[in-house]
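Number of protein chains: 2
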Amino acid sequence: MKETDNKDEQYMRKALYEAERAAEEGEIPIGAVIVCKDRIISRAHNLTEKLHDVTAHAEMQAITSAADLLGGKYLSDCTLYVTVEPCVMCAGAIGWAQIGRIVYGASDEKRGYQLYAPRAFHPKATVTRGVLEAECRQLMQEFFKQKR
Amino acid sequence: MKETDNKDEQYMRKALYEAERAAEEGEIPIGAVIVCKDRIISRAHNLTEKLHDVTAHAEMQAITSAADLLGGKYLSDCTLYVTVEPCVMCAGAIGWAQIGRIVYGASDEKRGYQLYAPRAFHPKATVTRGVLEAECRQLMQEFFKQKR
Chain D
7 MKETDNKDEQ YMRKALYEAE RAAEEGEIPI GAVIVCKDRI ISRAHNLTEK LHDVTAHAEM
67 QAITSAADLL GGKYLSDCTL YVTVEPCVMC AGAIGWAQIG RIVYGASDEK RGYQLYAPRA
127 FHPKATVTRG VLEAECRQLM QEFFKQKR
Chain Y
7 MKETDNKDEQ YMRKALYEAE RAAEEGEIPI GAVIVCKDRI ISRAHNLTEK LHDVTAHAEM
67 QAITSAADLL GGKYLSDCTL YVTVEPCVMC AGAIGWAQIG RIVYGASDEK RGYQLYAPRA
127 FHPKATVTRG VLEAECRQLM QEFFKQKR
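Quick note, the sequences are listed as chains D and Y, same order.
Under my numbering, read the first sequence as residues 7 to 154, first letter to last.
Under my numbering, read the second sequence as residues 7 to 154, first letter to last.
Extracted from the complex, chain D is given alone in its bound form (with noise of 0.2 Å):
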């Protein structure tokens, strides 16, 4: 396994910590985490219930923290790891905050950025898809098996 590869699930195990703490509250269990320099800058889990707020994505928050953290708008030196791919939404969000590297684990086959707004991040990020693609799946599967 390669630095990185290790790197990348140490950042993602944060993001999923924050998913779960996003089941535990009745939320829909994605979790996010911004890196900077090999440093944690903000992490959020989704809030859309509690909020009664659509926008409260954890992408959404965990944008808005970084930038506050870091004074400014731009997040180019970043890499975000969230559990769930991007929506629209926090896709264009993500492509606004010029983010340099998207990480995520599980695919969203229905309402997944990939499938409506290809083209939404900056042209200039990289991806990595499927990064503990199975523990971050397994924690959407069962909390929507909760629900049913």
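Simulated from the structure, these hints should not be mistaken for lab results.
Take these hints with a grain of salt, some might be off.
Identical copies look the same in the list; a pair holds intra-copy or inter-copy alike.
Taking lysine-lysine and the DSSO-like style, the derived pairs with C-alpha atoms no more than 27 Å apart in a straight line are [said to hold, decoys possible]:
| hint | residue 1 | residue 2 |
| --- | --- | --- |
| 1 | K56 | K43 |
| 2 | K20 | K151 |
| 3 | K20 | K116 |
| 4 | K116 | K79 |
| 5 | K116 | K130 |
| 6 | K79 | K13 |
| 7 | K153 | K79 |
| 8 | K79 | K151 |
| 9 | K130 | K13 |
| 10 | K79 | K130 |
| 11 | K43 | K130 |
| 12 | K151 | K116 |
| 13 | K56 | K20 |
| 14 | K116 | K43 |
| 15 | K56 | K116 |
| 16 | K151 | K56 |
| 17 | K56 | K13 |
| 18 | K153 | K43 |
Add chain Y to chain D, keeping to what the hints say.
Below, chain Y alone, put in the same frame as chain D:
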């Protein structure tokens, strides 16, 4: 002129007023209002510079505020008036909120949702384009002329 046209122009003027406030604050001049049962329930303008936050578009704030007021996530019975065509991010949020009708003024050929995410709105949503288009566009053009 139809009654609807009058109403649309009337509400778009409120959105334009918000856009002018944005311009005064050095923000890209885009304003939005959300109308529910013939009443404005939220109004907002772009605050991305002030907040160092790419997610602080007029539409995003208007959606968050309207949902907060109504106490629910969905805005199916609402109309969003926005001076400029929504971007990918905002279009995604409009879709999640299931906003029933979207009315905008000027098109955004470079970053508009029609280019990047044409199916982002709820399938049942209706769209009206070009209301007070000249005024909405002029405000943008003057802003960028001054910036150069």
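These are the hints, each one checked on the structure:
no., hint, in the structure
1, K56 to K43, "between (32 Å within a copy, 26 Å between copies)"
2, K20 to K151, "within (24 Å within a copy, 45 Å between copies)"
3, K20 to K116, "within (25 Å within a copy, 36 Å between copies)"
4, K116 to K79, "between (30 Å within a copy, 20 Å between copies)"
5, K116 to K130, "both (25 Å within a copy, 17 Å between copies)"
6, K79 to K13, "within (25 Å within a copy, 36 Å between copies)"
7, K153 to K79, "between (37 Å within a copy, 18 Å between copies)"
8, K79 to K151, "between (38 Å within a copy, 22 Å between copies)"
9, K130 to K13, "within (21 Å within a copy, 43 Å between copies)"
10, K79 to K130, "within (17 Å within a copy, 34 Å between copies)"
11, K43 to K130, "within (18 Å within a copy, 44 Å between copies)"
12, K151 to K116, "within (17 Å within a copy, 42 Å between copies)"
13, K56 to K20, "within (22 Å within a copy, 30 Å between copies)"
14, K116 to K43, "neither (33 Å within a copy, 32 Å between copies)"
15, K56 to K116, "within (23 Å within a copy, 35 Å between copies)"
16, K151 to K56, "within (20 Å within a copy, 43 Å between copies)"
17, K56 to K13, "neither (32 Å within a copy, 34 Å between copies)"
18, K153 to K43, "neither (39 Å within a copy, 33 Å between copies)"
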